[in-house]
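Student: Following the hints, put chain B in place on chain A, whose structure we already have.
Protein chains: 2
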Amino acid sequence: MANNLSSPIPEKTIERLSEYRRTLLKCHAGGITHIFSHVLAGMHGITAVQVRRDLMLIGFSSDTKKGYDVKVLIDFIDGILYSEQPMSVAVIGMGHLGQAVTRYFNDKGLKLRITAAFDIDEEKVGRRIDGVPCYHINEFEKQVEELDISIVIVSLPTSVASSLVLPIINAGIKGVLNFTSAPLNFPQGIVVENYDITTLLEKVAYFVKVADN
Amino acid sequence: MANNLSSPIPEKTIERLSEYRRTLLKCHAGGITHIFSHVLAGMHGITAVQVRRDLMLIGFSSDTKKGYDVKVLIDFIDGILYSEQPMSVAVIGMGHLGQAVTRYFNDKGLKLRITAAFDIDEEKVGRRIDGVPCYHINEFEKQVEELDISIVIVSLPTSVASSLVLPIINAGIKGVLNFTSAPLNFPQGIVVENYDITTLLEKVAYFVKVADN
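For the protein sequence lines, the chains are A and B, in the order given.
Under our numbering, the first residue of the first sequence carries the number 218, and numbering increases by one thereafter.
Under our numbering, the first residue of the second sequence carries the number 218, and numbering increases by one thereafter.
In isolation and in its complexed conformation, chain A is listed as follows:
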């Protein structure tokens, strides 16, 4: 993460809490009321020690005889991850990636919701796509204010992404998830996650290569 803000909880722990939460939601939906740390760990391919360390770090303690209470743990993690006020998210760029992300998130019952999309394509502007209204990018600042959007997902072609830095700053956006392959630099105070998916594939390929040698 580019602007590394001070946080009591490390980034990697936040990622795992988000993953535990999704697994716990599935368990809860399936009628499972309690879960042991080693079971939760096994479902994520990590050690029970790691799970216990993460939960200790957020101050969660539990009766270890029956394992963790699934519902109580979900609510506890919610309290760590989410604000009391739900945050609104906008997608900039409704190509394949933008549409995949929108459908994906809004199906998941998260406390974050994608409430607006922006594009320049006349086929998209003025329509609802997967339930989300798509506005022209010229309306960005106006709609961010009206809809109280605090986070944007940038899923535009890389070549045009940098032209969005100023509008994003001017609109008062607080967090940016950037999927283009151009790292976007914002002033201190705006949280940025630059995530080029190419990097993930190159990483897998590297570790395959190392394993082969």
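Fair warning: there could be bad hints in the mix.
Because identical chains cannot be distinguished in the list, a pair is counted as satisfied if it fits within a single copy or across any two copies.
[To be verified] Calculated lysine to aspartate or glutamate pairs in the DMTMM-like style (CA-CA distance at most 25 Å, straight line): (1) Lys229 to Glu410; (2) Lys341 to Asp324; (3) Lys328 to Asp429; (4) Lys391 to Asp324; (5) Lys391 to Glu228; (6) Lys229 to Glu301; (7) Lys328 to Glu358; (8) Lys243 to Asp365; (9) Lys359 to Asp429; (10) Lys391 to Asp429.
In short, the hints are calculated from the structure, not lab data.
Tutor: Showing chain B alone in chain A's frame:
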């Protein structure tokens, strides 16, 4: 990464090398022959010390008066990241995400190429999508062998992803990039990167929340 194979180079360094490489390619295309560590660092929102440390770790040294030779550094990073034989990649699930990923990668001039796609949708099977032939998932093992595919990208609905674990193992796949929200567990020896994009958004939201308090 679930199956953490021993590697002389940490995961985070591999990620940054992949990112430096893309930036250097753009510089090279723009006629820039040399670049200083602090310039490269600035383009990624990190410190020059970090860049120098990463390059020292891979054994790259350079005449510091003119900065790094861009072309030489690209070739050096290529030697670290890639095998001599290019690796073939297949996408399983050609919905919005699968198509976005395919178009995205094959436009980028990477040494990795997506050479096949798999789906069950009759509208897609038997066609070429963005230049990549789409096969029925029933043909998975056969095509993996014929096309010498070593890595798969899983971009299916989460609910069906786990049914792919056995076919992936049986086909001899060596690396998996999993975009579904179900962590997939493979035996030791198969490199797995489970990357639910929801996690990224939840992480941004958490750091926005922490910054607000």
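Student: Next, verify each hint and record whether it holds.
Tutor: Hints, one by one, checked against the model:
1. Lys229 to Glu410: Intra 13 Å, inter 14 Å, cutoff 25 Å: intra and inter.
2. Lys341 to Asp324: both (21 Å within a copy, 24 Å between copies)
3. Lys328 to Asp429: between (42 Å within a copy, 17 Å between copies)
4. Lys391 to Asp324: within (24 Å within a copy, 31 Å between copies)
5. Lys391 to Glu228: within (17 Å within a copy, 28 Å between copies)
6. Lys229 to Glu301: within (23 Å within a copy, 33 Å between copies)
7. Lys328 to Glu358: within (23 Å within a copy, 40 Å between copies)
8. Lys243 to Asp365: Close neither inside one copy (30 Å) nor across copies (36 Å); limit 25 Å.
9. Lys359 to Asp429: Answer is between; shortest inter-copy Cα gap is 22 Å, intra-copy 54 Å.
10. Lys391 to Asp429: The answer is between: 9 Å across copies meets 25 Å, while 43 Å in one copy does not.
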